Structure formats: structure tokens, C-alpha cells
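J.: The chain contents come next:
Number of protein chains: 2
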Amino acid sequence: MGFSLGDFNLSLAIRFLSMDMVENAKSGHPGMPMGMADVATVLYKYFLKFNPQAPDWADRDRFILSAGHGSALLYSLLYLTGYEDIDINQLKSFRKLGSKTAGHPEYHLAKGIETSTGPLGQGLANGVGMALAERMLNAEFGDELVNHKTYIIVSDGCLAEGISQEAISIAGHLRLKNLIILFDDNGITIDGPINLSTSDNHLKRFEASNWNVKQIDGHDYNQIRQALEVAQTSDKPMFIACKTKIGFGSPTKEGKSSAHGSPLGREEIVKIREKFNWQSPPFVIPKEILNEWRSIAARNLDEYNRWNKEFNNSNKKDKLKSYLSGEIPLSFKQGSESLKRKLCIEANTDEPSRKSSERIVELMAEHIENIRGGSADLTPSNNTKARNQNPITPGDYSGRYIHYGIREHAMAAMMNGIVLHGGFIPYGGTFLAFSDYCRPAIRLSALMALRVIYVMTHDSIGLGEDGPTHQPVEHLAALRAIPNLLVFRPCDVIETLECWDIALNQQGTPSVLALSRQNLPQLRKEYFKENHSALGAYIIKKEEKELKVTIFASGSEVSLALVVAEKLEEAGSGARVISVPCMDLFKMQDKEYQVSLTCNNSLKVAIEAGVEQGWERLIGAHGIFIGMESFGESGTASELFKYFGFDPENIFKKITPYLKK
Amino acid sequence: MGFSLGDFNLSLAIRFLSMDMVENAKSGHPGMPMGMADVATVLYKYFLKFNPQAPDWADRDRFILSAGHGSALLYSLLYLTGYEDIDINQLKSFRKLGSKTAGHPEYHLAKGIETSTGPLGQGLANGVGMALAERMLNAEFGDELVNHKTYIIVSDGCLAEGISQEAISIAGHLRLKNLIILFDDNGITIDGPINLSTSDNHLKRFEASNWNVKQIDGHDYNQIRQALEVAQTSDKPMFIACKTKIGFGSPTKEGKSSAHGSPLGREEIVKIREKFNWQSPPFVIPKEILNEWRSIAARNLDEYNRWNKEFNNSNKKDKLKSYLSGEIPLSFKQGSESLKRKLCIEANTDEPSRKSSERIVELMAEHIENIRGGSADLTPSNNTKARNQNPITPGDYSGRYIHYGIREHAMAAMMNGIVLHGGFIPYGGTFLAFSDYCRPAIRLSALMALRVIYVMTHDSIGLGEDGPTHQPVEHLAALRAIPNLLVFRPCDVIETLECWDIALNQQGTPSVLALSRQNLPQLRKEYFKENHSALGAYIIKKEEKELKVTIFASGSEVSLALVVAEKLEEAGSGARVISVPCMDLFKMQDKEYQVSLTCNNSLKVAIEAGVEQGWERLIGAHGIFIGMESFGESGTASELFKYFGFDPENIFKKITPYLKK
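Chains as they are written, first to last, in the UniProt record's numbering: chain A, 1 to 661; chain B, 1 to 661.
It is possible that part of the hints are untrue.
Which copy is meant is left open, because identical chains are indistinguishable; a pair holds if it fits in one copy or across any two.
Said to hold, decoys possible - Listed below are the simulated BS3-like cross-link pairs for lysine-lysine, each with C-alpha atoms no more than 30 Å apart in a straight line:
{"id": "1", "residue 1": "K204", "residue 2": "K177"}
{"id": "2", "residue 1": "K653", "residue 2": "K591"}
{"id": "3", "residue 1": "K548", "residue 2": "K587"}
{"id": "4", "residue 1": "K243", "residue 2": "K204"}
{"id": "5", "residue 1": "K26", "residue 2": "K96"}
{"id": "6", "residue 1": "K236", "residue 2": "K204"}
{"id": "7", "residue 1": "K642", "residue 2": "K111"}
{"id": "8", "residue 1": "K642", "residue 2": "K92"}
{"id": "9", "residue 1": "K654", "residue 2": "K96"}
{"id": "10", "residue 1": "K525", "residue 2": "K567"}
{"id": "11", "residue 1": "K96", "residue 2": "K653"}
{"id": "12", "residue 1": "K177", "residue 2": "K316"}
{"id": "13", "residue 1": "K204", "residue 2": "K245"}
{"id": "14", "residue 1": "K96", "residue 2": "K642"}
{"id": "15", "residue 1": "K587", "residue 2": "K654"}
{"id": "16", "residue 1": "K214", "residue 2": "K204"}
{"id": "17", "residue 1": "K642", "residue 2": "K591"}
{"id": "18", "residue 1": "K214", "residue 2": "K236"}
{"id": "19", "residue 1": "K642", "residue 2": "K26"}
{"id": "20", "residue 1": "K548", "residue 2": "K591"}
{"id": "21", "residue 1": "K96", "residue 2": "K355"}
{"id": "22", "residue 1": "K355", "residue 2": "K26"}
Since the hints were derived computationally from the structure, they do not count as laboratory data. Keep in mind that this is a model prediction, so the values were computed, not measured.
Using the sequences and the hints given, assemble the complete structure.
T.: As C-alpha cells, then:
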């Protein structure tokens, strides 16, 4: 086979730990760690730049297990190389409630886990985001402070998912030379051999997207080492297809689906122990092998010390620190505040909220050096690009705007990767209807608690003639259903400012800004320093007569609610209007405040050009909801609003019968 | 250029109609129709098998405009070739409310529109589904009755979206030789030239997935014709990259982004008319050109007549009719009914609902010849494959099970295509958490009103150790938010039978069956012929003492609700339990029935291992909801249910304080 006994023993340590973990947990995936143990050993022993004592070292290489079901591989590596978070007891608690060693790697549980993986293809696209972040940071701080690789282990499943193509395509286009994919080419999926469903030539596929490629025997240490050696100086991202045997070493399950997702069984493990003459009991690694694993990290100590010296002596130290802290500079806050004041004084800024958002984009581009904008090829529609933002181009990463192409899913997952990498605050645009295209990655922004800002314009039937496929109807509800995600739908320029401000200051929560295509009149004309939108919902118009009706509304429907309220007042019924720019934030307010808005004897009405789901919380089961019950239609915005019942006459008529009762 | 003046004039007719439509509508996309007019002309004139007088002809070629924004191209073609639905007035009503000529092609609006397109990449994947349906139907009925092509026009955007790779990959694998993609390779996207974001070699990419490929000048009639000629006898699916100029013929906008998505302007159009010496006014096609267009369809009359004769004389006529009707055979209904009776008598079938679902799968495979199952590589987990279902393999389409591979998005969009094509009833499985991966296509199942059945197992934290990335929490709510989609979550084997029965009988509505990984006790033991689940919600346990509490629950939480109710009864409070297998169906019941379940003075409680959103409709704003507020965790199912508060003690304790009040 052409390997040193030393390396083989190191990889056996991974194999036996992984087998033992799965066996002990009585569930899990042993086949992949056993198949990729050799590749992982060579990567860690000879190439990976890491320091278990300083797991947050900014210039470390990133290692991502995109095939997250093989988590035992990652946990074994973290234990063997000496990461504090993952001790032997953690390996014994694999997949148990409360452990750091969850079924799939969870970012927030332990240092050394660079991203949460499991939903296939996400880790790959996260890695592309990290590799881009590395290049962008390098462009600002130079080779001495930023120059590291991103290694990703991917499975057949990762490469089958569509997101992989989006990520591969943009990585090749942007020539991310510090990105290396190691493909666990084991020819096996859950249903059986890969040829049940696939006959792609992945080498050719990656070449078609401008990658360097190489195919190797994933159990041949020399080939692995040579390939990784070549990758160190590649001028493009590099794809290494490693032919492996799933469940390598298992006498009856090697190379079979049965090695994938279940414990091998005690008997089988006994046989493997015999085969490799592995004498030590479960979870015990022979001392000399463990020592060799532990000594590997020392290889990087010189580099780690050099980097620290460089960092401490650098005149860019403070800037880099500030980039990594992710804090919003005071100058932006001041700029934003004075813009708010100015707009309130002028009190005549009627414009689409996507246009209002562009004002903040300009302000951010001016004051927040480490903000990176982008759009999935809807830049002129999303209004996401500031005048002074130059695009990132292949080989030149000093720009501050990313043309993600028509790749919503990769955009979202790359933004996750950019935040995970550290150094930048990303925002990216598409149409709200296409939030569906990137929903799996939005969910991961929320699950990993990452400040990713989604700028989603054309937020209702107000999109107009493009019709039902492009008109979001259920998307606000569907996004609000995701835990730890803030969904904003501002009603005018002032709320748009406020919502952006909140989103930027949420370091542990992603945000969606749902913005209008069509014009919105400025409703907030009195200046308050306090951010009213931060309450999630607030009274935007008090009743003049005795309170009879409370109308809740968001976004473009708030101005409509105000017209209806006026009609009601004219007809003798006091009407209050509550603007709801963020339902999620309202739910987080103290009970007293919530009750003060929702509990009174007035008739409750809600207006939103979307489905009802979620509004019952505010209006109760018997309130009146004015919204959408079907998909939209193709027509002008104003026709559509009327057609679907969003006109003051219609709403007034729906309300009045209840007032007579 | 090498074209006959005749063909050029035909294509000018498309160009001028498209320009006039967009100009008249004051919005829309002229560039693409102008760029692809030559390709479309050659396709329709020399190759496409169609009959405007019989637009539903089962053996017609399918033509899909995946780049749906270029809808003016399709509408022009339908008008020019004489489809009744699209007359000149429809072209003049382009993008207007109530017209058949919506901003993007909408399937339900006019014959000749084979699928709703616009969300990029979907049409491509629909087409792969249609091409597979064609081969599957051919396997059953032979070349004489079924032998047609599927042509798809795709854009750069279609090919950038991840779904395209999934679809291309499986189409190449399955060797769908009757599938032809025509790529509008115009080098332009909304943000600008394609090289802002992409540098893929698409020819190589398609070759890597086993397609035949050809690159041509999309304005050279000979090259177009030769390429399509080659495609007629291709042994693989064929990709033809047509180099075109967006906005072909426009003196100042040809080849530019500005031709993409806005009217060209009157002045520009005047110049184009002069350039091509086009004398007739807007919307008027010179008689001889219109006549030539109208005569094109006659080319297919012989074939159409031959087919009809063949069909009428065929001993398979009734079988084909039955396939196309999509009706469920009586024998299945009887089998299903007697299974229900048997299980009720035995009254001891405790099993996961995915296992219960497998019983129906077996029954369907036995009785419904034209059902086609599949899974996105989770066959053994989704329990979607019957024993007698052989897989479809490359070149042999007589099997009845589709290994979709790890391609949820393509699976869903292909199932849409299979239904659109006609002849089959498709169902396909994945984990409920990965409904996000195919959500854009699920939305289109609903928008197009297609009977696609999604079998989504592992429907809650009950999935266990695989952890939060795999545990659906918000997915039930998010799916329920989609209009015209039935989301089922049966509580036991009997409800599973009932829900499947409803799903199969909904010809105009897709369904999601959310099924458990873990065991569910049989709760329904008394046999009723009526399908209780069809009510959406119904009383599964009446109160014994005076009614104090009404508990709503779905799926695995119904048995828990019953235990809680028993405890309440023991403590002196009458408790009613309402099983809610389908919230959407409950909303459709008459008001009286709805009120009978939700309006009484008892305390309202709902239990579901998901987010609250949607349940407020049943329990009001002040009911008690027992559910999830965060993402899940990795651990055993039983530990997790306890950890997140789904145990009778905890729920009982939450309820009792309210009863004392």
C-alpha cells in the first residue's frame, strides 16, 4: 500500500474510536470515518495549520466535515490532537443529550467545530464562503497576517445536492486557490451503490468550473500526500477525489451500504480488532499512538508564534481586531441617527422601502469597512450596491461587493461561511419569493446564531406583473416560523432605518428585511431617538374617539390601515393603528407591554398582504384578517391590491357590521 | 448568415410581437424572445410535434420555456401557430390582470403552456420529469403510442441554479434520449455580463453528466437545424448551446443587460422596424407570414391521424385512457377499506407511521399500475418502496421505483413534471426537515394544482440522535402556510391509511404526509367506514366528566394528549381530545362544524412537537400551547420529548393552575 506503519497506526486510532463511539451510542455512522481515516491522518499530520491550544487563531486553516454524518471522524480528530472541549468522556457520550458530541457536528458546542453540518452540501458552500472571506481578509491585511487554507471533506451526497454546483461554480469563477475539497469517493449511498442514481464524472465536472482536479487512492498515503502537496500551490481551487472503501477494514461490511448508518456490531468489531492486531480495549488508544497524535500540533507552533509576533507588531493590529470583533463603528451609528433626524424633519420621503434600504447601504459602505454586500443577480432590483462598492473579481478580492450570480442557495450558505470565518458582516439580496431557494441555509444561519442579513425585496403582490411565481404570499409566515430569525417588514423609510439598525446590532441572530418594490409614503414624521421598531409592534396612531377598533399591520399595509382608521374615526369609531415591523421582537417583549397592545375590548383587525398564519396571536381566533388566501396574479400592483381586497372601502365594509353588534 | 428569407420573416414575426407586447404592457422581457426567435422558429417549423387543434394530444412533443421571463416568446408562438386560447387580444393584454398571458407562463391559464415557469431551473427539472414520464409510458405502451420529445429552452439563470445540476445529473444517468435542452447562451444576466459571476464551461459540464453536446450560432438557421437533426437520434439527452444576442436586432440594446427586463422604447422599436423593413403596425403580422406560421402545424397532421387510428385500434386503449385519467382503481379502494377494517379488528398495530405508510405503498404497488414511487436516497428510512417495485434503470423504464439520488429539489420538480406530462401518480420521500430543500418545487405543485404526494418521514424531534439539523421544528407550520397544499400528520396506523386515501383522491392538490420515525400506538380501534381524517380535526376522545379542557394534538402527540386527558379526568376535570391530522382540511369544513370543535368554555390546549404558529386559530390567543420554541437537540427520542416538556406530568402541571381559576 505504500504507507509508513506510523501513519497507518494513527489512522487506526481514528477508525477504532469511531467504531467504538457508534457502538457505544448504539447509533451513528461508522463507515465514513473508517473510509476517510487515512486522508484525515495525512491532512492533520502534514498539512493542516491548527493549534488546539488556540482554536480561535484567526489564521488557522479551516477544516470542514461537510459530510456531517461522519461526525465521529471529526470528534476523533479533535480528541486525538488535544482539543480541550472534546475529551474521552465526550467520545463516550457521543449522540447523547447534553454532550458536545452530537449526532452531527454542531458549531456552538465545541471549539474545533467550524460549522454545523449534516444537511448535505451546506458545509461545502460554507467552505467556499470561508475561502472567500480568507481572500478578502488577505486583500486587506496581507500574506503575513492572513494566508490559510480551507479544507472540506465532501460525500457523494454533498456533490449530488444542487447547492454544491452553485458553490463549485462560484469558487472556480473567483479562483479561490486556497480552497481544497477532499471527496470521499466511496461509491455508496443509503439506497445502495451510487450507480443506482448517479453516473457523473466529477473530475470533469469540476474542471468545467475551473478547478484543478486529481484522483487518488484514498488509502494510499503517498498519493494522498502528493495530492495535498500539489494543492498547496494550486492556482485554482483544487478537487481531490479520493477512492475509498466505506467501512474500511470491516470484513463483512466494507464497501457496502450496511457500513453507512448503523453500528457494525460487537462481533464485527472484534474481527476488525483481530485483523489489525489492535489490542487495546474500546476508547483506549495505545500510549505511543496517542502521543504521536498529540505531538502533531507542535508542527504549527513556530508558525503560530510567528503570526502572533507579526500581529502584535502590526500597524494593522487594531483594524484587524475591530474586523474580527464584528462591532459596528460609532461613526455609522451617528450617521444613521442623523439621517433619521433629517428625514423626520423633511418628512416627505415617499419611496419604496428597497430604496430606503439603499440609503443605509450607502451609509454602511461609507462607515463600516468590513461590510460586504451582494445579490443573487438582482442588484438593480434589490438596491444592494452602494456607489463606492467595487465588485470582487477573480484574483482581486479588494472589492466590497459580491456578484453571487443566480445562486441564492450558495449565497446564503456562503454568507454563513463568511460569518463563521470571522472578519466580515455580510448582507445579500434576492426576491422574497426566492427565500425558498435558500431556506435550508437561512435555517442554518438561525441554528448557528450568525449575523447574516438577508435583503429580500419585492415582498408581496405589490411586485406586480411578474405574477404568482414571483409574489410571496406564504413567505413571511414561513420565515417567522424559524426560531432565532428576525423577520422585519418596515412600513416606511424611518422604520427601514430602524430595522437595519437592529439587524446590524444582533450578533447572534440573522435577519430578513422584507422590502417593497412599490412606493411607500413616509408615515413616521416625528423624530424619536428611541428605536420604536425594536419593540416589534407599537402604536403608530392613537385613537381619537373612544376605542372601537385596533388595526395591526405591517409594511406596505400600514398606510392602508391608517386610511381605514381615518374612515372609522369619521364614522364615529375610535381606531388605533399598530405597526408591526417585527412580530418576532414583539413576542420577546415583556408580557405587560404585549398585553397593553393586544388586550382590550376593541375589535381586532390585522392587514398584511400574506397568509393569516401567525396573526391570530395578535387578533385572537375571532379577529378579522385582511390578507391572502391564495396565490397572487399577474397585474399592476394597484390593481392587485384592489382585486385581493386591500382597499379602504372593502376593509371598512368588512369591519362595520361587527361594530354594530 | 445562411438562412432562407422565409424562416427569417417567421422569426421576425416573433420578434415584433414580443417587442409590441412588452411595449404595450409597459413592462416585461423583450431581450430573450428576440434572441431565441430563430431557434424557436426552426424548432416549430421543422421538428416540434404538436397540434394546436388538439393541444392535449398525449403523444405531442413537450415544449418548455424554462426561462419563463421570456414568456412573450411562448405567447407569440402559440398565437402564430393558432392555439385557440391565445388570440391577438391576449397578446395585447399581456401582463394584465385576468389575461391568459401573465407575466410568466402560468400552466392553468392556457392550453399550450405545459408548465408554470419563472422560478429559474424549475422548468428544466419539470422537463426531466416529463421526459422520464415519456419513457415510462413508452415502456408500457410501446413506440406506436408513446414516442415524443421534450424540448426545453433554458437561460444562464436556469443553469446557475443548483436544481439544474440535480436534474442534469439524473437525466444523464437515466439516459433520457428524448430530452433536448436549448441553451440561450446570450452571455448576459441582470447584473451585467455573465462573467461578473460565472465562467463555467457548460458543454463540458453536461458531458460530465453523460449528455451529448453541441455548440451552435443561435442565429444561423442551418446550424440550428443540423443540431436539432442530430438530436432526433441521440442516444443520450442532448444539450445544444445556442450563442445568441439578447435583444437581437436592437440597434442600441442588442447584447446588453438593458434589453433584458424593460421595454425597448418606442423610438428604438421604430429603428428596428426600419432596419428590418417591417412595415406593418404593432400586433399586425403580414398575411403571408401569418399564413405560413399557421400552416406549420399541418406538418404533423398525418402523424396525429396515424396516432389516433393506432390508439383507437389498440388493445391497450382502455389501459392508456385509465392511466391518463389518473383515477384510482376500485380494487385499491376496496383493498384499503378491508385493510382498515382488519386493523381495527386486530386493534394492536403499534408501529411508526412511516411503517404504516409502507402498508399503503404495498397496496398501491399491487393495485395501482400507474403509481411511481421514489425517494431522495432515503428508501429504507422513508419506507417508500414496495417489495414488487423494481427500480427504473438507465435505458430500462419498465420499473416502478425511482432512485432519485440525493436530489430532493429535482425529485419534487420532476414529480411536478411527471404529473404535468400525464399518465402517472408520483410519490417521493425524504426527511421532513429536508422539505426545505425542495420547497420551491412544492410551492409549484400547489400553484399548479398537481397531485404530487410527498412522503416526509422523521417528522419531529422524535427523529432522535441525528440532532437539530435533521429535526423539523418549523416545517409543519411553514408547509401549512402554502396555499392549496394538504399537510397531513396522522396519529396512528388508521389515520395514516385515511390520510393516504385523501391524498390519492385529490387530483388538484398536492399533499405532504408527515410521518414518524418512532413507534405510535394504535389509537383508532373502532371501525368506521367514514374517513374521519377528511374532517381535518375530529373528536377522538369525548369527555367523561363535565368538560373543562379541550386538547388538540396531531401525530405522535395525540397519544400523549390522551394520557393527559385521562389524568385530568382522574383529577375531576372532563377532558376532550381532538385529533388534528390535517389543519388545512379543518379550515375547509363548514363554519358550524369548526365552531362545534373550537367554541366552548373549556380551557384550550394544543400539543404538537413543532412551533406554535397556526395553532392559535384553534386555541385562541390565550390557550396553552405545548410545543417547540427552539431548535431540537441530539439525544434519544424519549429523552428529547421529556427534555422539551412533552410528558404528561409536565403538561398536567401546566394545565391545572388554569382550572382552579
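J.: Would you mind marking each hint as holding or not holding in the structure?
T.: How the hints compare with the structure:
Taking the shortest alpha-carbon separations for K204 and K177, both the intra-copy value of 18 Å and the inter-copy value of 21 Å come in at or below 30 Å. Taking CA atoms no more than 30 Å apart as the test, K653 paired with K591 passes between copies only; the shortest distance there is 21 Å, against 33 Å inside one copy. Both within a single protomer and between protomers do K548 and K587 lie at most 30 Å apart by alpha-carbon distance, with minima of 24 Å and 28 Å respectively. With identical chains, the CA atoms of K243 and K204 are at most 30 Å apart both within one copy (16 Å) and between copies (22 Å).
In this homomeric assembly, K26 and K96 come within 30 Å of each other (Cα to Cα) only inside a single copy, at 10 Å, whereas the closest approach across copies is 61 Å. Taking the shortest alpha-carbon separations for K236 and K204, both the intra-copy value of 15 Å and the inter-copy value of 18 Å come in at or below 30 Å. In this assembly of identical chains, the alpha carbons of K642 and K111 lie at most 30 Å apart only when taken from different copies (28 Å versus 55 Å within one copy). In this assembly of identical chains, K642 and K92 lie within 30 Å of each other by CA distance solely across copies; the values are 22 Å between and 63 Å within a copy.
With identical chains, the CA atoms of K654 and K96 are at most 30 Å apart between copies only, with a shortest distance of 27 Å across copies and 54 Å within one. For the homomeric pair K525 and K567, the shortest alpha-carbon distance inside one copy (21 Å) is at most 30 Å, but the shortest distance between copies (57 Å) is not. Proximity of K96 and K653 under a CA criterion of 30 Å is satisfied inter-copy only: 27 Å between copies versus 58 Å inside one chain copy. When the C-alpha separation of K177 and K316 is checked against a cutoff of 30 Å, the pair qualifies only within one copy, where the shortest distance is 24 Å, while the shortest distance between copies is 59 Å.
Taking identical chains as interchangeable, the C-alpha atoms of K204 and K245 lie at most 30 Å apart whether they share a chain (22 Å) or sit on different chains (28 Å). Only between protomers do K96 and K642 lie at most 30 Å apart by alpha-carbon distance; the minimum there is 14 Å, versus 55 Å within a single protomer. When the C-alpha separation of K587 and K654 is checked against a cutoff of 30 Å, the pair qualifies both within a copy, at 28 Å, and between copies, at 20 Å. In this homomeric assembly, K214 and K204 come within 30 Å of each other (Cα to Cα) both inside a single copy, at 10 Å, and across copies, at 17 Å.
With identical chains, the CA atoms of K642 and K591 are at most 30 Å apart between copies only, with a shortest distance of 26 Å across copies and 37 Å within one. Taking the closest pair of Cα atoms, K214 and K236 come within 30 Å of each other both inside a single copy (13 Å) and across two copies (27 Å). Taking identical chains as interchangeable, the C-alpha atoms of K642 and K26 lie at most 30 Å apart only when they sit on different chains, with a minimum of 20 Å there against 60 Å within one chain. Taking the shortest Cα distances, K548 and K591 sit within 30 Å of each other both inside one copy (23 Å) and across copies (26 Å).
Proximity of K96 and K355 under a CA criterion of 30 Å is satisfied inter-copy only: 26 Å between copies versus 49 Å inside one chain copy. Proximity of K355 to K26 under the C-alpha cut-off of 30 Å is restricted to the inter-copy arrangement: shortest distance 21 Å between copies versus 55 Å within a copy.
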